[in-house]
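**Q** Those protein sequences? They're chains Z and V, same order as listed.
According to the working numbering, the first sequence is numbered sequentially starting from 1.
According to the working numbering, the second sequence is numbered sequentially starting from 1.
Heads up, some of the hints might be wrong.
If the Cβ cut is set under 7 Å, some of the chain V residues that face chain Z in the computed set are [said to hold, decoys possible]: (1) 83; (2) 87; (3) 88; (4) 166; (5) 179; (6) 204; (7) 205; (8) 208.
Please keep in mind that the hints were generated in silico from the structure rather than gathered at the bench.
If you're wondering where the values come from, they're calculated on a predicted model, not measured in any experiment.
Backbone N, C-alpha and C fix where the C-beta goes; we use that ideal spot for every residue, glycine too.
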Amino acid sequence: MSYHFDWSVLWTFRGALLQGAALTLLLSLAGLAGAVFLGAIAGAVSTAQARLPRLAAASYVETARNVPLLVHIYFWYLGLSSLRLPAFWCASLALMVYCGAFVAEIVRAGIQSVPAGQAAAAQALGLTRQQTLVKIVYPQALRIIAPSLAGVFSQLIKDSSLASVVSVGELTFQAGEIEGVTFRTFEAYIGITLVYLVIVTAVTRGTILLLRGRAPSFLEPS
Amino acid sequence: MRRGFFGGLAVALVLFALAVPAHADALANIKSRGKLLAGVKYDTPPFGFVDSANQLGGFDIDLVREIAKSIGVSVDFVKVTSPTRIPLLVAGNVDLVAASMTNTPERAQVIDFSITYYTGAQRLVVPVGSPIHGPKDLDGKIVAVQQGTTLERNLAQVAPGAKALPFRDYNSAWLALREHRADALTGSADILRGFIKNAPGFTLVGERFSVEPFGMGVRKGETALRQVIDDTLRRLWKSGRYQELYRKWFGVDPEIPIASAG
């Protein structure tokens, strides 16, 4: 193969890579926060006893997740261009709405998978409906959904790379810039692959640790 | 478990080494394949674009067809964009690239260029009535541009106070201007003319602030293929066919000859 690797470009452009990583993290954090907020509410609402809130939550989930994320981004950036939202927020909002739908589904499934006996026992002990939900059902649901949530979070971080199409200077965009100047395609993209790997692994392990209160099973000594 | 792992790794490495092709002659490959793989733009009028009837056409496309005719093979067009044209050529996905590509010293270190077949100029497109009349008025303004092009660098040199907004392809940059995400769009004058043809609210402004010699690209060392391209281009110029194509796509006669008359 006549291609000679030149890894020094990653060092020369370390500033751009750091900038990209910072923006990826910021974008992912904003998206995560919004998605968790939206998804928790929508997920909880979809387990309501009244029919209208359930329908509302279901239509949000179906619409949001059946539209490609790229279309979401263009919707905020070009469709609603009259709002003049900065590209970063267009991408963040798109991520929030899109991933929020997935979180909603996971939350709904989690809540519904907590054994009915738990709620029944709580009510028998005299807890109000609200106390039952907040102190008994939701904490157990959280532990159940921890792995699925970690999955959605890892997907969100990877999906943040789409923000590069609206010129947000995150990792994938920076790789494009580096490659445009140096023509070192392999080095640029392998470089950001490694950074994405580190970020995603850290976030997924962290999420499971946080929500389950203990390390995931594959880290425990056998 | 360990032995199995290393055995598998060894097999994978051997397969990988076998899969990597030995240095080959692109022209010979094209002839034996019976097909020329050409990387062209699909979104850059009038060089390479898909029109409203979903037909691919353009100045680059017509020239590539002539080259394929010289070699005596058919041609398969592969869509490229400014960021992907050189990587795809180097990786072997295409044999040549005719994608409104400027011949620069940095690029010439990575690939080989044909003779210059078009000389372009970089200019600006702004909405009608904009206070921007040229590159001097760009301080603090947002300028949409395509990523991975000489246009980005020229803009930084000529208007350091401008804020560049790079996009992956020309169309996105043009859309950004249309939706007032940017104050101006910079690009090659003839390409910009192609965009504003159907958009009456926009106009070309300013004097040219760079000279862009376009060349077709081949992989480094593919001298035989490059020779065929150069000979074809020169022949087209002498026979008048080049001028015919130029008039067809740019509406004017070419000012700069691409070959000597003799």
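**Q** Of the hints given before, which are not true for this structure?
**A** 3, 6, 7 and 8
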